[in-house]
Structure formats: structure tokens, C-alpha cells
Amino acid sequence: MVVPLSSMCEGEKGKIRKLELPPLTRERLCGLGFVSGEEIQLVKVAPFGDPKVFRIKGTDITLRDDISMWILVETSSVPLSYVSEGDYWVSLINGGMGFRQRLRVIGIEEGIKISVIGNLGKRIEVSAKGIRSTLSRGQAMRIIVRER
Amino acid sequence: MENQTDAIESKKIKIALLGNPNVGKTSIFNVLTGSRQIVANWPGVTVEKRTGVMKHANHTVDVVDLPGTYTLGATSLDERIARDFLIDERPDVALVIGDAVNLERSLYLLLQVLELRGDVVLAVNAVDEARKAGFDIDKHELSKQLGIPVVLTSAVTGEGIEELKNTLIKSAKSSSHVHYLFTDEIEASLRNLSDRIRGNTSLSAFDKRWLSIKLLERDKEAEKLTGMSLDYDYSIEIAETRYKYIKRILSTSVKGKEKIGWNLSEAIDHVMTHRFLGILIFLAIMYIVFQLTFTISGPLSTMIEDLLSGLGSVVGSWIGIDWLRSLVVDGVIGGVGAILVFVPNIFILFLALGVLEETGYLPRAAFVIDKLMYAMKLSGRSFISLLLGFGCNVSSIMSTRSISEPKERLVTILVSPFISCSARLPVYVLIAGTFFGVNAGIVVFFLYLLSIVVTVLSALLINKLFFKGEPSTLIMELPRYRKPRLTSIVLYTWNKGRHFLEKAGTIILAASVVIWLLTYFPTEGTGSFAATIGKALGPLFVPLGYTWEMITSLVFGIAAKEVIVSSLTTFFGNLSMSGTSLDIMRTIISPEIALSFLVFVLLYVPCMPTLAVIKNETGSYRFVFFSAFYSLAVAYAVALIVRVVGGLL
Numbered sequence: 002m003v004v005p006l007s008s009m010c011e012g013e014k015g016k017i018r019k020l021e022l023p024p025l026t027r028e029r030l031c032g033l034g035f036v037s038g039e040e041i042q043l044v045k046v047a048p049f050g051d052p053k054v055f056r057i058k059g060t061d062i063t064l065r066d067d068i069s070m071w072i073l074v075e076t077s078s079v080p081l082s083y084v085s086e087g088d089y090w091v092s093l094i095n096g097g098m099g100f101r102q103r104l105r106v107i108g109i110e111e112g113i114k115i116s117v118i119g120n121l122g123k124r125i126e127v128s129a130k131g132i133r134s135t136l137s138r139g140q141a142m143r144i145i146v147r148e149r
Numbered sequence: 174m175e176n177q178t179d180a181i182e183s184k185k186i187k188i189a190l191l192g193n194p195n196v197g198k199t200s201i202f203n204v205l206t207g208s209r210q211i212v213a214n215w216p217g218v219t220v221e222k223r224t225g226v227m228k229h230a231n232h233t234v235d236v237v238d239l240p241g242t243y244t245l246g247a248t249s250l251d252e253r254i255a256r257d258f259l260i261d262e263r264p265d266v267a268l269v270i271g272d273a274v275n276l277e278r279s280l281y282l283l284l285q286v287l288e289l290r291g292d293v294v295l296a297v298n299a300v301d302e303a304r305k306a307g308f309d310i311d312k313h314e315l316s317k318q319l320g321i322p323v324v325l326t327s328a329v330t331g332e333g334i335e336e337l338k339n340t341l342i343k344s345a346k347s348s349s350h351v352h353y354l355f356t357d358e359i360e361a362s363l364r365n366l367s368d369r370i371r372g373n374t375s376l377s378a379f380d381k382r383w384l385s386i387k388l389l390e391r392d393k394e395a396e397k398l399t400g401m402s403l404d405y406d407y408s409i410e411i412a413e414t415r416y417k418y419i420k421r422i423l424s425t426s427v428k429g430k431e432k433i434g435w436n437l438s439e440a441i442d443h444v445m446t447h448r449f450l451g452i453l454i455f456l457a458i459m460y461i462v463f464q465l466t467f468t469i470s471g472p473l474s475t476m477i478e479d480l481l482s483g484l485g486s487v488v489g490s491w492i493g494i495d496w497l498r499s500l501v502v503d504g505v506i507g508g509v510g511a512i513l514v515f516v517p518n519i520f521i522l523f524l525a526l527g528v529l530e531e532t533g534y535l536p537r538a539a540f541v542i543d544k545l546m547y548a549m550k551l552s553g554r555s556f557i558s559l560l561l562g563f564g565c566n567v568s569s570i571m572s573t574r575s576i577s578e579p580k581e582r583l584v585t586i587l588v589s590p591f592i593s594c595s596a597r598l599p600v601y602v603l604i605a606g607t608f609f610g611v612n613a614g615i616v617v618f619f620l621y622l623l624s625i626v627v628t629v630l631s632a633l634l635i636n637k638l639f640f641k642g643e644p645s646t647l648i649m650e651l652p653r654y655r656k657p658r659l660t661s662i663v664l665y666t667w668n669k670g671r672h673f674l675e676k677a678g679t680i681i682l683a684a685s686v687v688i689w690l691l692t693y694f695p696t697e698g699t700g701s702f703a704a705t706i707g708k709a710l711g712p713l714f715v716p717l718g719y720t721w722e723m724i725t726s727l728v729f730g731i732a733a734k735e736v737i738v739s740s741l742t743t744f745f746g747n748l749s750m751s752g753t754s755l756d757i758m759r760t761i762i763s764p765e766i767a768l769s770f771l772v773f774v775l776l777y778v779p780c781m782p783t784l785a786v787i788k789n790e791t792g793s794y795r796f797v798f799f800s801a802f803y804s805l806a807v808a809y810a811v812a813l814i815v816r817v818v819g820g821l822l
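Quick mapping for you: the protein sequence lines, in order, are chains A and B. Residue numbers for the first sequence follow our numbering, so the first one is 2 and each next one is one higher. Residue numbers for the second sequence follow our numbering, so the first one is 174 and each next one is one higher.
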């Protein structure tokens, strides 16, 4: 799935597909290794949500969202809130003990299969370990899933 | 320049240092040149230029430290400076400093230098760190593959430095130019373009292949130079070819993979940029820097002032002629004093900044606070500068040197005088104390709040005025944490401090003599030119309701804001029976005028030393005038609003 770099989650990796940026910015990023096919990881989000640190070619580069939103990356994993109906595997949960505990109660843990039944409006209807539940979009953003 | 004599004495060699930011380029520069360095600005811009002299084996070599860049495009000011220097000044050797831990990106820059010129030497720095991380770099293989001399160095342990010096001098005598090949399709276009360029005699000074590559990359300056513009863009293919080529080189010359596991730098970062802890640490470090700069330097500055006033009275007693004594004591010694009181301040500030820069914390601090600052179109690094402004606007503007984005740096310089510095506090205390009694605290708080509001609004406005809707360009590397090295920090502090003394010092001294002239002639005090100016400006200030004494003290205050206190007490204090209090002022003006006067003092023309560093840091009087007139206009408008609104209440 192709998503903007800015919407990746902490810890998530992807491969750069395209830089939809003005030539000057693109050339500067090229010098830093932002070329298509290169692997990139979102390492850290700043305390106030922007900018974000990305690891590419072994170094950490800070970009603001207004640049990183124009860099498209291919990720095998995406936040649950972006996926359409179907079956997925939970690869990462971004959250503390409390959040993980609450998800565990409704059957969602890292590594398990999750089915998205409805993804419309403000809430997402899912089913995991046979438990049906609805998640808010904010919660779904913090659950990273992959296909297959 | 090209006419070479075959004399035996060595010709002067010029070497340019290039490299990515944070690869230890400055450390290599320091070990090559020792303390024989000069720090200035590149002509017409605010980017720092470091030059030095390296003495080695009977050779005297000029070394120029070019700004750190990732590419040799002309996409940023730094890159343009580096590239223009290579093209226009034609240094004998281009020394590219690479990072042993991250060679890939360093080689990307190296390839671009190789496209442009020959006589390139690669120094792979931080080789000690790379070994610790588990890399083994084969310099012979690397040298064979690239076709240029390669030296493994460590500025920390001193490894390879002698070898590097030898290699540099040897390379200055050779003249080899190495090329590497792109894909057939690109090579064909390059040949075609080179032929077309060869026909143009005005371009004979340039490397044809380089110009052709730049044309394929749609480089604006190459297009301007050649007058050619292609309708296709190969920049992505060219970048990918370079990286592919680099991968091939590294596959044979670098052995070992980075050890996976616990990484100290990452562990530190986890805490330093943590959502809550990160902000606490940030605030704590900012607090420490502020305290160091102003609390520790305070007594030192007082000592210097006392020493100079002692010197003044001694020297004064030797001189019989009144005006000459006053010129020497008040004008010259006073002026030197005005510079010297900043010395502890500036040096301690740069010592602190040097440590933060060397360790690698500064970019993290910028990262943590960036969002808040970017809301007013400033960079995260502006925060520290603005914060320092609460102590002194001069330190504040000097510290903007650490802001790498030119646009954000300029805006920070222009808005920082609105931050209420400590020299304005005595004015607030005196007047608020006289007029508002128990409410004085609230008035002072209001002034600080206003100071922040005006700073924020001005930042937004100046951005609109000068940089209409240009997007942000923040692309900032977070380097590995490093142990700070004393010698680098001392050099850093000394270079920047000296720069202040030489450049801003001259302006401050000249200004203080001029101000002395204004206050001494034709007769001292109420009969002086300054008082005449104050009286002449009277009509302009009628809407604000200021008396000529107040206006005159404002004129004096341009020298330094705290002077307003002494002028006011001279004018009003002498009239009142109760010594230095300004009770007499209360009978002349109403409280809302006093409040409006405080607002005016907060916002009007920056003091002379601040204007001097604005000139120094922006390199242009244009911004000095802008700052002076803009702040005057803002001060007048806000003070008028305060008076009118205050009068209604």
C-alpha cells in the first residue's frame, strides 16, 4: 500500500516510491538518499506531533509534515484506520500498557488475525478472536496491520 | 594566476574542505590549521567563512572550510557558496571529508565533486568510531575504485592526520581528473551536450561533462550559463546511478556490518526526545544556558564596569581640558566599556552553545520545540535565541548563528529586539513603581506578555512581507551524540567572540562617541543637541502626551535602554525634593501616559549595540533601518492605543 511518509507510524518501515516535491527540495533530499526503492523508517515523532525523524541510509533526518506528506512510500503495513474490509494481521500496536490492555480485552494483540467488517464514518467495526467490537479512528490509527 | 614560474620555492597552495554537515569537517579543519584561523562571513551573505593556514614540510597552505553540504547543486545558499568557490577560486586540492560510519552519503557528495573537477582527496573521518561499530574500511581498495587518494583519519585520536597533510601537498602537484560512467542512454546525451557546449567559447573555463550533467539534472544555473534548456529531466536517473555506483564501490571496500543491538546514541535519544521527559530536559537545559549566560557573567560584567570607571577617573584626573576629559572618559572609555561589558556574556554564551552543538543536542532541542516555533514561521532553533533575548538582545542575535535556515534566521534576528531584555527592567520598575504602587507587578507582567505577543505577530508579518508563502525547507540531520572536545569548543568560542569584538565592537565604539557628542555639545545636559532633538521631536509626540524630558531620555536610551532611568532621574529627580524618586513626574503626566511610555520603551528602536549586531549578522544596513523604523512604528501605534484605551477607563 502506498501512503505519504507523514502518515506512517512510529517504528514503521517502508520503501520510497516517489517524491512529489519541487525540484530544489527533491535534489536536496536526493543527496540525503531519498531515492525510490530506498528503505525508510519513521523513528520518532516530536512531542508536539511534528516534525518527525526518519532513518534513511543509517542516518536520522528530521522533516516537517509539509515536506514528508509529499513523499510516497510503499509499506506492507498500514494503520488499521486506512484499510478496507478484509482480513489483516496486527503487526504493531502503538501505545502504552493501558491501551494494550484495553485492546487485549477485545481480542486484539500483536501477531493475531483481525477482520475489518465495516470501515465507514467515525468508527471501524472489527472482529478478532471471534470478538466483535468497534474502534474509534484515533484508536485504529495506532494499530498497524499488514495484509496476508 | 595561471602563470607558473619554475622557481624552487613552493608556490602557495590553496585547499578547500568539503563534506556533509556533522562529519567532523570542522574538527579536521582545526587539526590541520591549529589556531591559525580567521572567521568572517562570505561576502554579502551571513554564512560563516573559516579560513586558516596549514604549515607542513616547508609548505604554507591556505585552507578554506566550505559550508557543509549534501550535494553540489545550487539548492541552498550553503551549496551555492561551496560550488561557486570550487568553480571561481579553483583551489589546488578539493579535500572531501567523509564519515566512516556513513560512507554512502559522503561518497554521493564526493562523486559530485569528481564530476566538477580533478585533484580530489578523500579523508574518511571518524575511522575509530567505525571500527568500534564493526566496520573495516579498505582504503587501498577504495582508492583504486575511486581513482583518487584516500586517507583514513580521526580528528579525535589524531590518526592519519600527518598522512593527510602529506597527501594533500602531493596532490596539489598532480592534476588528475577521474570520471565514472552513467548508463549508456545518459552517456550518449552527455556526449551530445558536451559537443554543443564545446562550440560555445565563453564556456571554455568550465568542465564540459560537468555542465552537461547539470543540464540533464535541470540545474537552473547551468541553464542560465549555457543558455540551453532541455525538455527532459534525468535528475532521478542520475541520482540513482550515483547511488548504484557507490553501492558497488562499498561492497568491495567496506567489510563488516553494523553491530545490531544496544546503541548508546539511540538510548540517549529515547530520553532526550521523549514526549514528556524530552520537554522537561529541554526546558532544564534552556534554563541552565540562560542562567550561565546572564547570572555568571553578571558579576564579571560589573567588575569590568568598575575597572573601567576606575580607569576613567584616573585618566580623567590627568586631563585638564573639560571637553577632552569628557570625550576620553565618557566617550572613548565609556564606549570601550559598552563593548567590554558584553564580553563575559558573549563568551559564556558561545561556550554553552559550543557544548550543545558539539554534543549534538542542539538539533534535538530544535526538533522537540519545532512545532511551536513553526507556528510562527520560525525554526525550532529560534527558541533558544528568543529565550536569550530576555537577558540581552545582543546575545540573542549572536546566537542565531546556529539557525541553519537563512530565512528563519533573518526573521529571528529581526523580531528578537522585541523580546524584553534585562536592561529594560529597571525602567519598568522605576516608572511602574512610581505610578502603579502595589499594581506595579501586574504592569511589568503585562509588558512581558506584550513583548511576546508583538514578537509572535511580527514574525508572522515579516514572513508575509519578505517571504510570501515560500514553503519550509527544514531538512535537518540528527547527528550521533559525541563527546565534546575542549579544543574545538575553545576555538569555537574564541572565533565567535573575537568576531563580535572586531566587527560589532567597532560600530558600538563609534556610536558611543557620536552619542557623547550629542549629549555634550553645545552645553552638557539640558542644553545639549540630544535635548534639542528631544524638544524638536515634541510635536510628534503630542498624541502620546510625552514631555520633552521623556522624549530626550528616549533619545538617550538608544545608546542603551537602562540609560533611560538615569536620564529620567536627572531630569525629574533634581526637581523633586525626595531625591531620586520620580514623584514630580506624577504631577505632570497621568498613569495611562506612563503606561504608554513603558510600552514605548519596550518596543521602540533597538539599542545601539543591538543595531550593530543586526548589521554584523545580516551583513546589510537595509535590515538595520528596517528594524529601527519598523520598531518605531510599532511602538508608536501600540503606545497610542494604550494611551487612548487607558484614558477611557
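Any given hint could be a false lead.
Stated by the list, open to error - Some chain B residues near chain A, calculated using beta-carbon distances under 8 Å: (1) Trp215; (2) Tyr243; (3) Thr248; (4) Leu250; (5) Glu314; (6) Lys317; (7) Gly320; (8) Ser408; (9) Ile441; (10) Met445; (11) Thr646.
Claimed, not checked - Lysine-lysine pairs mimicking DSSO-like chemistry, simulated, CA-CA at most 30 Å apart: (12) Lys544(B) / Lys14(A); (13) Lys185(B) / Lys338(B); (14) Lys16(A) / Lys228(B); (15) Lys58(A) / Lys343(B); (16) Lys222(B) / Lys428(B); (17) Lys544(B) / Lys16(A); (18) Lys16(A) / Lys417(B); (19) Lys317(B) / Lys58(A); (20) Lys544(B) / Lys58(A); (21) Lys420(B) / Lys222(B); (22) Lys676(B) / Lys58(A); (23) Lys346(B) / Lys19(A); (24) Lys343(B) / Lys228(B); (25) Lys381(B) / Lys16(A); (26) Lys222(B) / Lys417(B); (27) Lys397(B) / Lys58(A); (28) Lys346(B) / Lys317(B); (29) Lys58(A) / Lys185(B); (30) Lys641(B) / Lys19(A); (31) Lys14(A) / Lys317(B); (32) Lys788(B) / Lys58(A); (33) Lys305(B) / Lys222(B); (34) Lys185(B) / Lys19(A); (35) Lys708(B) / Lys222(B); (36) Lys393(B) / Lys187(B); (37) Lys19(A) / Lys338(B); (38) Lys305(B) / Lys346(B); (39) Lys19(A) / Lys222(B); (40) Lys19(A) / Lys417(B).
It should be emphasised that the hints constitute simulated quantities derived from the structure, not laboratory data. Just so we're clear, the structure is a prediction, and the values are computed from it rather than from any experiment. The C-beta atom is built at its ideal place from N, Cα and C for all residues, glycine as well.
Pairwise hint evaluation, Lys58(A) against Lys676(B), where the allowed Cα distance is 30 Å at most: Judged against 30 Å, a Cα distance of about 42 Å means the pair is violated.
Given hint Lys16(A) paired with Lys381(B) - CA-CA distance at most 30 Å: Violated: Lys381(B) and Lys16(A) sit about 35 Å apart, past 30 Å.
Pair hint Lys346(B) and Lys19(A), alpha-carbon separation not exceeding 30 Å: Not satisfied, since the Cα-Cα distance of roughly 44 Å exceeds 30 Å.
Interface hint outcome for Ile441(B) [beta carbon to chain A under 8 Å]: Cβ of Ile441(B) sits 12 Å from chain A, so the hint is violated.
Cut-off 8 Å, beta-carbon criterion: hint that Glu314(B) touches chain A: 20 Å, violated
Hinted pair Lys222(B) and Lys417(B), Cα distance within 30 Å: 34 Å, violated
Closest C-beta approach of Trp215(B) to chain A relative to 8 Å, hint status: With a minimum Cβ separation of about 19 Å from chain A (threshold 8 Å), the hint on Trp215(B) is violated.
Given hint Lys19(A) paired with Lys185(B) - CA-CA distance at most 30 Å: 48 Å, violated
Hint check, Gly320(B) versus chain A [nearest Cβ-Cβ separation less than 8 Å]: Given a least distance of 22 Å, the restraint on Gly320(B) is violated.
Hint consistency between Lys788(B) and Lys58(A) [alpha-carbon to alpha-carbon, up to 30 Å]: Not satisfied, since the Cα-Cα distance of roughly 40 Å exceeds 30 Å.
Proposed proximity, Lys338(B) with Lys19(A) (alpha carbon, max 30 Å): Status violated; Cα separation ~43 Å.
30 Å limit on alpha-carbon distance, applied to hinted pair Lys544(B) and Lys14(A): 24 Å, holds
Consistency note: the structure conflicts with the earlier hints numbered 1, 4, 5, 6, 7, 9, 10, 14, 15, 16, 21, 22, 23, 25, 26, 27, 29, 31, 32, 33, 34, 35, 37, 38, 39.
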